[in-house]
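Peer 1: Sequence:
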Amino acid sequence: MRQYRPTIEQLKKRYAADMARRKVQARRDAARDPNVKRTPIPDNSEPWLPHPVRSVAEAMWISDQITADMRRWNLL
0 MRQYRPTIEQ LKKRYAADMA RRKVQARRDA ARDPNVKRTP IPDNSEPWLP
50 HPVRSVAEAM WISDQITADM RRWNLL
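0 is the number of the first residue of the sequence shown in numbering that gives the first Met the number 0; add one for each residue after it.
Just so you know, these hints were derived from the structure itself, not from any lab.
No experiment lies behind these values; they were computed from the predicted model shown.
Virtual Cβ for every residue (Gly too), placed ideally from N, Cα, C.
Nothing false has been slipped in among the hints.
Here are the simulated distance ranges between beta carbons:
(1) W47 / E8: 46 to 54 Å
(2) K11 / R31: 26 to 34 Å
(3) R1 / S54: 47 to 55 Å
(4) A56 / M0: 45 to 53 Å
(5) R53 / A15: 48 to 56 Å
(6) K11 / M59: 53 to 61 Å
(7) D63 / R13: 46 to 54 Å
(8) W47 / V23: 35 to 43 Å
(9) V35 / M59: 41 to 49 Å
(10) L10 / L48: 47 to 55 Å
(11) R53 / N73: 31 to 39 Å
(12) R31 / S54: 45 to 53 Å
(13) Y3 / M59: 41 to 49 Å
(14) K36 / Y14: 29 to 37 Å
Straight-line C-alpha distance at most 30 Å; calculated DSSO-like pairs for lysine-lysine:
(15) K12 / K22
(16) K22 / K11
(17) K36 / K22
Take the sequences, apply the hints, and build the full model.
Peer 2: Written out as structure tokens, the structure is:
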């Protein structure tokens with residue numbers, strides 16, 4: 000199988016795009032107030048169990064719940 004090698008022009012374009020992206024990101028970072036705390040996006044999922052899975056039976060129960068949900072939503 001022949002190895003793919005980008006042309007010099009493609010490499011130049013890729014490099015220029017990367018440099019432009021870095022420059023724009025640096026401007027955005029400089030414009031942001033450093034004192035403002037960035038809040039992470041909250042997790043919208045709920046755990047199946049209040050603790051990590053401890054047994055195969057618990058794992059099977061979770062699997063059965065997922066299968067039932069998939070059937071309910073006609074995904075299976």
